[in-house]
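Given the coordinates of chain L, assemble chain X onto it according to the supplied hints.
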Amino acid sequence: MEDDAPVIYGLEFQARALTAQTAETDAIRFLVGTQSLKFDNQIHIIDFDDENNIINKNVLLHQAGEIWNIGASPADKAVLTTCYNKTCDSRVVSCATVWRMPCDWDTGSSHESPDDSAHNPQTLELLCHLNDSAHGNAACVLWEPMGDGKRVISLVDNHALLWDLQESSTQATVSSTATLEGKGQLRFTVGKWSPHHNCSQLATANDMAIRGWDLRTMSQIYCIENAHGQLVRDLDFNPNRQYYLASCGDDCKVRFWDVRNVQEPVKSLEEHSHWVWSVRYNHSHDQLVLTASSDSRLILSNMVSISSEPFGQLVDDEELSDGEDAQPSDKIKEPLTDSVVSTYEEHEDSVYAAEWSSADPWLFASLSYDGRLVINRVPRALKYRILL
Amino acid sequence: MDMEVETAEAGASRKRRVHGMLKMYYGMNEEGKTADQPESMDPCDINGPHFDPDVYLNKLRRECSLSELMDQESCMVKQIRSLDSDMQTLVYENYNKFISATDTIRKMKNDFKKMEDEMDCLSTNMAAITEFSASISGTLQDQHTQITKLSGVHTLLRKLQFLFELPARLNKCVELQAYGQAVSSHRRARCVLQQYSHLPSFKGIQDDCHLIMEKLAQELRQRFRDGGSSAKDLSECVELLLQLDEPAEELCDKFLNHAGARLHLDLTGLEAEIRPSAPPSSSSSSSSSSSSRPPPPSPSAADASPKSPPPSAAKTDILEFMDRGCNEFVSSLCLVVTSYQELFVTHAQTGELASKNIPQMASGKLQGFVDDLAARYFSIVERRIQEERGVGDNSLLVRALDRFHRRLQAVSKLLPGSQVPARGTEIVIRAATERVRQYLQALQSFYLDTLTDVRQALAAPRLSVAGGAGGLTASGGLPDLLSSLSASILNQIKSVLASVHLFTAKDITFSNKPYFKGEFCSQAVRENLVVSFVRFICQSSRQFCESSGDKGGSTPPALLLLLSRLCLDYETSTISYILTLTDEQFLVQHHSPVTPVTVLCAEAREAAQKLLNHYVKVQGLIISQMLRKSVETRDWVNTIEPRNVRAVMKRVVEDTTSIDVQVGLLYEEGVRKAHSSDSSKRTFSVYSSSRQQPRYAASYTPSAPMDTNLLSNIHKLFSERIDIFSSVEFNKVSVMTGIIKISLKTFLECVRLRTFGRYGLQQIQVDCHYLQMYLWRFVSDENLAHFLLDEIVGSTAHRCLDPAPMEQSVIEVICERG
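The listed protein sequences derive, respectively, from chains L and X. Final position of the first sequence in numbering that gives the first Met the number 0 is 387; the numbers increase by one with none missing. Final position of the second sequence in numbering that gives the first Met the number 0 is 817; the numbers increase by one with none missing.
One chain only, chain L, in its complex shape (with noise of 0.2 Å):
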């Protein structure tokens, strides 16, 4: 059972921000957002064709800066929002805004060589900023899990702004906030609105810790003080247990919580070799968790002990034994070991996203700061394994 080969795409730009396009359930489409200080950005959208293993891409300019962050709409394909940095006045702002894709980006680009797209590239229709002269910088935009499109939180240095898109999107207002108050200058560096709870809650990280908030009442409702030994860098919800929140950092850690307890974690993994930038639970199968890291690796993990299926799927037993696992009946009784499934190397320099495909469980996209885009799928093996 050959596994298929990774497929790489190389931008010319370095790069940061990487999204699935999560509206989109049917087709592979990432989107990639590109960091140049001195050209236009750009925002590439890469489509995998899965029976061809070939990359399409079309690219949008990006023109207002340099982005760190993107999130796609999850009910218009066409919506996006970035944070990007800009100058001005020999100073540096963080915006964040919400975008429309032109209608025909992908007219007649689909096999075009990447010179013409890259010599005509359409530029993004900016639907409007999501920033408040109250508010300085904005580190990211979270969309509301599988809503309607139209809740964003940005989170601000040390605020967290909840704002209602109108009028199809082309006005913003804030709704609500919520601030973190301490000693010190506090920023958020990374959130994740939650999907459970009817998306009440939401999850921040600052510095080493990691606070879950109730969006209703913009109140702190839990709190886990020194969750890595260093900067929490990722944070990401068990896409099927309500309270197991996965997070990562500068101790080369990975770490799994169960919120109603944040004492200790429930797991902690320890597979990198340098910071780890990014975790995602596969949106499926919960077991398979990615992981990014600036040691140019990028790691996929089967954590079945603790995830929502942890004697594997109670459907039909009897079929698992005519595979090639030798003790079936065993593996149905007794929780299955976690372990590395794989470890990617494909990356050159630091892995700052992965992410898998909305459309496709079973793929995700890597992308790595010298602007390489790489494609894997979960092993095949593993992948039957899960299913049968």
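Incorrect hints may have been included.
Claimed, not checked - Straight line, CA to CA, 30 Å or less: simulated DSS-like cross-link-like pairs of lysine-lysine:
#1 L/85 x L/56
#2 L/56 x L/149
#3 L/182 x X/628
#4 L/85 x X/628
#5 X/505 x X/516
#6 X/628 x L/37
#7 X/649 x L/182
#8 L/76 x L/56
#9 X/96 x X/171
#10 X/214 x X/202
#11 X/171 x X/202
#12 L/149 x L/76
What the hints assert, rightly or not - Derived DEER-like restraints, expressed as beta-carbon distance ranges:
#13 L/167 x X/624: 17 to 25 Å
#14 L/174 x X/806: 51 to 59 Å
#15 L/5 x X/605: 32 to 40 Å
#16 X/598 x L/308: 35 to 43 Å
#17 X/605 x L/224: 28 to 36 Å
#18 X/605 x L/263: 22 to 30 Å
#19 X/482 x L/224: 35 to 43 Å
#20 X/598 x L/261: 35 to 43 Å
#21 L/261 x X/650: 47 to 55 Å
#22 L/178 x X/482: 54 to 62 Å
Source of the hints: derived by calculation from the structure; they are not laboratory data. Every residue gets a Cβ at the ideal spot worked out from N, C-alpha and C, and that includes glycine.
Chain X alone, transformed into the frame defined by chain L:
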């Protein structure tokens, strides 16, 4: 003439015969001559029997001259003369003898005559005597028979008298408490009385005796029951009662009950010694009593007044306790067993009691009795042993256990099949194992205490990495601490081993038990003590890595380094030394599988590795933190033109130097790749290319500025992937490389998150050059440092709004000035 000749011849022959007879009478041996010279027939031989004088004369006349004849004649005459005189003498003598013989015979004849007369007289007298004697015996016959009869009657009467006097006698005996005599008297009379009990008078006596004996038995039983009497008295009682046909079983029971009560009293006394001291067990008063062994409170006193236990102020030490247990309980038990066996087993085997299976019954009872008491004794002893917690002086415990065990051997000799000694051995084994466990705990707490001391020592003179001066004062401190730590641990292990070794000393009775020869040595001591302790060291070391990982530096890094070196030393030599020491001391024969040295060494090495990795991580983190703060807190767009190396870089170099000193104290230098001749003066290749980049950019690659990436990517293609938080080797260079790698990578990642102005880039250039100047000497491969620094400058150039780099010469000037 013939006639004459004949007669002459006859005469001669008659003459010769007479002559021969005379010769025989006088004892002359005729043979002598004849043997010498055979009877010559020569008629000329004058001495021969056939001598013929005529022939002789003729011959002489014919042959001899006159003178010769004359001479012959005179000679002849002389001879004849002498012969004549000889003959005369002989005749005379014979005559005299004959005369005296005749006289003697005559005298004898007279004497015999007289004697014959006297003999006649005697015989007549004798006849008379015989006659008289016969008559006397005839008269005395009647009286003799009468006397015989009378003496028979006399003895019978005496026996009867004994019988009649028996009650009184018995009474008297009872009064005088001479029970033994009474019983033996009664025994003598019993059969007779039994036989003649049909006679009323005898019946009466028997009844009387019965009554008295009943009373006596009662008395004996009373005495038996009272229990105040000594064991000897008691056994006497039992013996008497047995002779009185008391049921043996009952007696056994009573005897054992009685003895049991007394033994239980002993045990209660023992128990009383434990109880009062149980709550305040922390009191260490035992030390005082160990030196002077005060006579144990006299057993009688303790027996008599168990209600007032000895004042608990002075808690008896375990040896004293065991002594007391042995002296009082075990010896009394042995005494009881001996006398019991004497009475009921040995004694009964010979007597008529043997038939009733009494020995078997008695032994069975005894077994149960001993087991029962021993169980209680053991439980008390075990409780006492459990109280023995202090591990200071093991010899006391060992001696106590030895005494305990030794005394139980006596029981085993008395009761060959008994379980008691085996159970005693079990207790000893349990106590020994428990003691070993306590030693392990003591070792562990000692180790932790030592670590605390080390921590304090590290904290006190400010040995940490805070500055080069601190690092210098620390020199000598770390190795000293390490050696003292390792020495004190080793000493402690040795002393514990010595203490534990007491259990297997030759003069200890239980040391030759198979448990103490085999399992104790291999399992208890080697595995559960030594191996466990080494494992504990490794494990607690590992915990330092895990627990402090989150909080970042709750453990001083120097301690991590120290422990890492300690574990490494353990791996290389100490473990095998300790285990060899143990094996030698205890002559361990490995019956069961034991942890091999290699496994332990591997564990120690793993721990050392983990500690060292953690040390690198912690130190790297400290430097990283400085670098990160310095990058994050500065406005790089609007910074001023660099005039100096930033202070933080100097600080980084200082800290790195002091870490280098610190590590160098404990670890060897290690190998590094050869330096190029101008290591500190090297310019940055990537930087130079990025400097040139703006010039070429416009014409070369209009939309994609890939050249910077290209160069660094090509570099990456040919260089190995750098694992930042990777394992380090056990040498200084590797450690330093690890720390610098972590620091520089952090620098790189932080730089990538910022945006720089022109002077920002230049400042980073200056900083990197400064680091380059000083850090290359610490790392194993200077290219690594170059590469990372190139990356930093390259990334900065990339993140720069106005990438106008500074001239290399200016950078050098600034750096050298700094």
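Original post:
Regarding residue 178 of chain L and residue 482 of chain X, is the given constraint of 54 to 62 Å on their beta-carbon distance met?
Top reply: 56 Å Cβ-Cβ, so the 54 to 62 Å window holds.
Original post:
CB of residue 598 of chain X to CB of residue 308 of chain L, is that within 35 to 43 Å?
Top reply: With a Cβ separation near 38 Å, residue 598 of chain X and residue 308 of chain L satisfy 35 to 43 Å, so the hint holds.
Original post:
That 17 to 25 Å hint for residue 167 of chain L and residue 624 of chain X (C-beta), does it hold up?
Top reply: violated, 47 Å
Original post:
Do the Cβ positions of residue 482 of chain X and residue 224 of chain L conform to the proposed distance bound of 35 to 43 Å?
Top reply: holds, 40 Å
Subject >> Outcome for the supplied range 35 to 43 Å, where the beta carbon pair is residue 598 of chain X and residue 261 of chain L >> reply: The hint (35 to 43 Å, Cβ to Cβ) holds, given that residue 598 of chain X and residue 261 of chain L are roughly 38 Å apart.
**OP:** Quickly compare the C-alpha distance for residue 628 of chain X and residue 37 of chain L to 30 Å and report which way the hint goes.
**Re:** Roughly 27 Å between the alpha carbons, so the hint for residue 628 of chain X and residue 37 of chain L holds.
Original post:
Is it true that the CA of residue 149 of chain L sits at most 30 Å from the CA of residue 76 of chain L?
Top reply: holds, 13 Å
Subject >> Cβ distance range 51 to 59 Å for residue 174 of chain L and residue 806 of chain X, holds or violated >> reply: holds, 55 Å
**OP:** Kindly confirm whether 22 to 30 Å is satisfied by the beta carbon distance between residue 605 of chain X and residue 263 of chain L.
**Re:** holds, 24 Å
Original post:
Going straight from one Cα to the other, do residue 56 of chain L and residue 149 of chain L come out at no more than 30 Å?
Top reply: Between residue 56 of chain L and residue 149 of chain L the Cα gap is close to 28 Å, so the pair holds against 30 Å.
**OP:** Could you see if the CB distance from residue 261 of chain L to residue 650 of chain X stays within 47 to 55 Å?
**Re:** violated, 36 Å
Original post:
CA of residue 85 of chain L to CA of residue 628 of chain X, is that 30 Å or under?
Top reply: holds, 23 Å
Checked against the numbered hints given earlier, this structure breaks hints 9, 13 and 21; the rest are met.
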